[in-house]
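These are the residues of each chain, in order.
Protein chains: 2
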Amino acid sequence: MSTGTAEPAAQPQAAPRRWVYFFDEGAGAGRALLGGKGANLAEMTRIGLPVPPGFTITTEACKAYQAAGGVFPPGLMEQVEQQLARLEREIGRRFGDPERPLLVSVRSGAPVSMPGMMDTILNLGLNDQAVQGLARETGDPRFAFDCYRRLIQMFGDVVLRVPAARFEHALEAARQRRGVRFDHELPAEELERLVATFKEIVRQEAGRDFPQDPRAQLELAIRAVFDSWNNERAKVYRRIHKIPDDLGTGVNVQAMVFGNTGPDSGTGVMFTRNPSTGARELYGEYLPNAQGEDVVAGIRTPEPIARLKEQRPALYRQLEQVAERLERHYRDMQDIEFTVDRGRLFLLQTRSGKRTAAAAVRIACDMVQEGLIDRQTALLRVDPDQVARLLHKHVDPNAAVEPLAQGLPASPGAAVGAIVFDADEAERLGRDGQAIILVRPETTPDDIHGIVAAQGVLTSRGGMTSHAAVVARGMGKPAVCGCEALRIDLEREEFQVGGRVFRKGDMITIDGATGRVFAGQVPLVEPELSPEFRQLLEWADAARRLGVLANADTPEDARRAREFGAEGIGLCRTEHMFMGPERLPAVQRMILAETREEREAALAELAVMQQSDFEGILEAMAGLPVTIRLLDPPLHEFLPSLEELLVEVTRLELEGGDPARLEERRELLRKVRALNEANPMLGHRGCRLGITFPEVYEMQARAIFRATANLRRRGVDARPEIMIPLVAHVRELAFLRERIEAVRREVEAETGLDLKVRIGTMIEVPRAALTAGEIAQVAEFFSFGTNDLTQTTFGFSRDDAEGKFLHHYLAEKILPENPFVSLDAAGVGRLIQLAVADGRRVRPDLKVGICGEHGGDPASIAFCHRAGLDYVSCSPFRVLIARLAAGRAALEEGGSEGGGGEG
Amino acid sequence: MSTGTAEPAAQPQAAPRRWVYFFDEGAGAGRALLGGKGANLAEMTRIGLPVPPGFTITTEACKAYQAAGGVFPPGLMEQVEQQLARLEREIGRRFGDPERPLLVSVRSGAPVSMPGMMDTILNLGLNDQAVQGLARETGDPRFAFDCYRRLIQMFGDVVLRVPAARFEHALEAARQRRGVRFDHELPAEELERLVATFKEIVRQEAGRDFPQDPRAQLELAIRAVFDSWNNERAKVYRRIHKIPDDLGTGVNVQAMVFGNTGPDSGTGVMFTRNPSTGARELYGEYLPNAQGEDVVAGIRTPEPIARLKEQRPALYRQLEQVAERLERHYRDMQDIEFTVDRGRLFLLQTRSGKRTAAAAVRIACDMVQEGLIDRQTALLRVDPDQVARLLHKHVDPNAAVEPLAQGLPASPGAAVGAIVFDADEAERLGRDGQAIILVRPETTPDDIHGIVAAQGVLTSRGGMTSHAAVVARGMGKPAVCGCEALRIDLEREEFQVGGRVFRKGDMITIDGATGRVFAGQVPLVEPELSPEFRQLLEWADAARRLGVLANADTPEDARRAREFGAEGIGLCRTEHMFMGPERLPAVQRMILAETREEREAALAELAVMQQSDFEGILEAMAGLPVTIRLLDPPLHEFLPSLEELLVEVTRLELEGGDPARLEERRELLRKVRALNEANPMLGHRGCRLGITFPEVYEMQARAIFRATANLRRRGVDARPEIMIPLVAHVRELAFLRERIEAVRREVEAETGLDLKVRIGTMIEVPRAALTAGEIAQVAEFFSFGTNDLTQTTFGFSRDDAEGKFLHHYLAEKILPENPFVSLDAAGVGRLIQLAVADGRRVRPDLKVGICGEHGGDPASIAFCHRAGLDYVSCSPFRVLIARLAAGRAALEEGGSEGGGGEG
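Just so you know, the sequences run in chain order A and B. Residue numbers for the first sequence, in the numbering used here: 687 to 1589. Residue numbers for the second sequence, in the numbering used here: 687 to 1589.
Since copy identity is lost for identical chains, a pair holds within one copy or between any two.
Computed list of lysine to aspartate or glutamate pairs in EDC-like fashion (alpha-carbon distance at most 16 Å, straight line):
no., residue 1, residue 2
1, 1357, 1110
2, 1499, 1424
3, 1357, 1132
Think of the hints as simulated: they come from the structure by calculation, not from any bench. All of these numbers come straight from a predicted model, not from anything done at the bench.
Next up, chain A with everything else stripped away, as it sits in the complex:
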């Protein structure tokens, strides 16, 4: 080839990629490449802990395998062969040697911990010859055949997909034949016979022999691990835990050590602290003379690790040292697997330990005390989503009550209510303010409105990912699912449990955190905050830049929010003040008024009530801002439903009742029909009402200004801000602002006070965000109403989506998240970013916040922090979570450790 021309040079032959790392080569390569288990094995090897040698096949190899449709990438098996040769040299045994065989374990390990999802094979390398050699070498044929039958069993299950029950039945038969209770009591002859039986089972079920070539075993095992990344369990786990599908898993091949060689051998799992309470103590279980999977399988009951302190004090001390060493290294609580092989301790795995919310809080604080981590790291260790569970109501632990039944703890929190079996009825009673528990065999999207209306949900069928469970968690409602002891009879509207019958209307209590169901009204207690939790909140407050305000409509809510640390009210909805039973008549008179005079008379009645509402809430929040949103919902929400009226009028017509009543109802029907809208979400509401009926907003503004004046005269520092909902065009806001300012000047003239307040707008339709530069010329603050903004940006209404297709979308991963729970950064978030930038360009001191439900969601709060918002506003109950999340968001931006990892 000539180099005299400008043609590109030929590509150099690419060096084959590296797919395999020996444990002592992998330190620092990271969990993304090696998986969590592989990375930790490499790390422990590096710091000199006793880890049996081995090597890791990278997640890249897995991804290449998946991408090629199930074909190993070039060079992979050659590199495995090279590393296997090194392993043979280090151990001094040969893989496949009929006399002194090297045995290995093969285990998966993904970058993100997915416990129980992936599969393990032990004792790989044995075959009909090597088992004899192992028996001769150890002088322990029982041990050798036990290892071999375990290999055939696990390999058969995991690689050859032989139904696990077939092996279990054969084992059970052997135990019965020998009259023993446990596998380890089976003699060598029985185990040898079992090996023959197991091989026959494999032949029958898989249609092939158990492979005698150890290299074939290894290759098939690696393939099985790769394939298991996409098994159904793994996919479901990832879906539930929001783990991306494209991480891939590593494969760890490690020299076997044996916990089943006799009474001074054994296997255990151990947490370096109590994962339930967070107390600083070794916590776990140990099973003598067993291999790892025996502990998990629960065939024999293991002993608490604390017992080793007396029984095997030297081992216990060694474990304590290992625990301290690992905690100092990883600066986090560890979950360790270990094996004792003839008295010698080997570590097989370590990882950050899962813990309860309470333990997470305590451990984080303790570790700061111990100097292991700093405050910021402590904060980053506590997941606000998880901590939210600490804040649910629960059943009073002092109440002497026995549960009726036990179901799955599907959605945390406890709830008390009357039994209702029908979603429509639930909705009706819920609207009337009754506390109810919706009880169904299972729920479907048709029941959503009933779930919305209920205090909690109880189902007799379905698991943690059933419709009821997913929907209830999404709504933050308590749910107990799959409570199979319940025998529900929908026709008779009753259920039986434990010989008792419960009928519609009977009271029950459910505890979604534990899955328990109680008869009657069990006392509930409000959650309590531990001192450690308060400590963390203080650190979060010191770190955060976002303000945390609350959404509250009543003085009680305002006071509660303030106790939780809210720095004001970001959303005070005035429509709730219109809904009270003593007010509704005046509201309806206002709506049905035929003349401006009639309307104004009704408004005058309401004005008095509104003023006292505002005085109450402004006083409760004295010294802090209270953002009052003027009337938002469409007027027909205050009138009887069209459907009900239609049925009533039809009945009256046919039954020929009181003609005056019929006429009156017909007239109301006509009015309701006139107000009826095809799409009320997109209809005549918000500022559109304010513009077509200016006297409503003027009444509200007057009530706000008069309330403020009254309070100030009493020395109360009232700080209202007025928020106009649903603005799409700057002129809507300008039109209303002008009228509100005119009312202000009136009240100023009445009172002689200066009553200037901030006037701003919700940004809750895309056009408002897109024209924020114009709107900011008139608005002094923006509050993103992300519920409506999400609905309009996606073009689907929450009710309809959750009732009809959102569940399906999430299950099929068409949407990665429920956008009503966690803010959609790519779409809705982009609008927010545009609006903040354009708004601040025009008005540098523009105050910008968010007051949708996302204001209490940690991931959304992190987005708000990054987007440069000034505050989030959420329900009083979420204020604590928001403070924590805001603190974390600030720290994460600083680039601190993301929690649990390399240390």
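Take the given structure of chain A and dock chain B to it, following the hints.
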């Protein structure tokens, strides 16, 4: 002041702004500054035409006056005084001179022509003394007192707001007293008496005397012109014609010439071509011995200008010369006001002449022939919105029919239908496919659904800006309003007119272009295109960059669109194919299916019909792209309405009819209720249906591929493209695309043909636009569905908005335009621009178009051109307009003349 320091130098005393220009100084200063009238007077002066001298006060002065709350800007009156001094020198008379007074006219002139909106005062400068001087000087006291009484009358009306009727009554009384018919027949004594009477009227009505000081007259007159910018008529005119409120008006002060000095004087208005047909001939009216306002007032009947050819050939020749001179100068048809003062011709005003659509087309083409303008200018002279009127049906001019009555021509086009008095009934009958005319005393927002369903609207009350007129024009529906001869009796459902009675169901015909109402079914004719129109379309096609496609769902529509020049189908809605009465049963079976098998059986039936639908439309558009949108509307649209079922079931329950029937209806009600949605616009429709019921889209895709295969085998060049509606997230599109491609491969396997087609998406929710970069990875084209995109961007549904508040918003100028008619550039347009940029970045050959109703709106088409779209798609009927508008948009971008102006 020291200059040794860095302190800023003191601001120099600003030179006073120039507020006033003498006519010969103003040439080139432009209409924005001088107003149209002032600029043209300056221009005519410059080119040496006979214009009485004078000066113009600028629009800036008017704006400064308005901004200061009605105070003249500093220096204004001084500059007026200076220019007045020059005028006195030029004319050789003094303003206020009691012997030889200088008289002036004061006239407004805004930058944009607003005929009839502003006010004029003639003969300013007269008072009790000067009128005597003028009488002596001219020897014509009749003339002098006629001038004076006109001044008092106009000044009284315009400046002092004396009711005009009072002067008219006094004049009428004088004519009666003298027994004459016309004012100019009144003798001098009577006029002198009338002056006294008029002065008395002023004193009574205005509470002050008519000002004798000519300078006070002038100042008050200028003030009145400035104030008139904001009078109600002017505001309404601007609103209707979309003229900004902040242009201001100029004031022209000009030496008087007199058309009322005797038989060789006179006044006239003249178009340089026929404004109705466009023919090249002088067209206008002349009134001897009169002042300008006499022509307009219509007190005496003026003569056609053509008569002058014989009666006063020299004058006529002079007018011809002036016309040609002005046309050559302005390169446009002119509308001229002139006065002949004792045989001498003076031009008082020229402007581009208003013309009908037909005239606009003809004049533009003729002027190209004559070498006055080039083709591009010709195109820019024709307003596509106006030309659209040429394309409405009209009453056959050969039909020998007499109108029943005459109303206002509120919305062009003719319509035939049965009389209906109730909007609900109109909707019901319209849904059944009946042609109806909605007849109401007037309409309200509650009638919108009836207007939508009707062929046309007829009202007995209300003007050109009444609700019915505005709404009908917005919808492009014929309407006759304010037809006061109709006596409507809503109770009896009939109307009387001219002694005849018309009842509900009787046929009538309305012609919205002329305002005529006919009994029965009058033959209508389709619009015809003149050769000039075809010529313009050819020029537009040569200029435009945008493709023009049509929205069409049937082979007939496709053929029609093709005849109009559509280059393909941009939107073929498949749901209309589901609505046919022979198909609905299968569609309903599909929806109500309980199992997948039942559903598939129903789909199989539909598949056959769909395939033949597609074959028909693809064949009609052979060789051109046909963009087929898969099923879009929610399923409940194919079922009976919830309301109707509810009433039916209630009736059946109470009347105790056939229990099987009741059960069946109850079941249907249950199903309809389950499908019912709070906000169907935002519900389970579009691709959401396609994802939850994949078999529906698969059936449609199969029908498309099979139709294509069939046609191609017959040698027909079928070019379908498949469009997925309502995508909000790229994964929706990816999920469906995968399934459609699988169907394609199936049909390819069946047929052995390569059936690859473009697959793309509607961009009709904001999130799709915001994430266009992701979506373009899967979509080969974008089609902006601007109807839904406008609804979701604004957060209001079209139906609800138009029914409830949009009318109010437009009237209050809260929205400058109906965003469903003319694309909202700031909001929706910004999304489109974002999406085009992001999409093309990812896929440079992405095809991008628009298929909402905006695709036929000229202003929106201009936006699409600027935004760089590839095509617009509109109803077949709008294709001609779109071609014209697309051509104009391309030329406007080139910076060519915007039509009518300085030349």
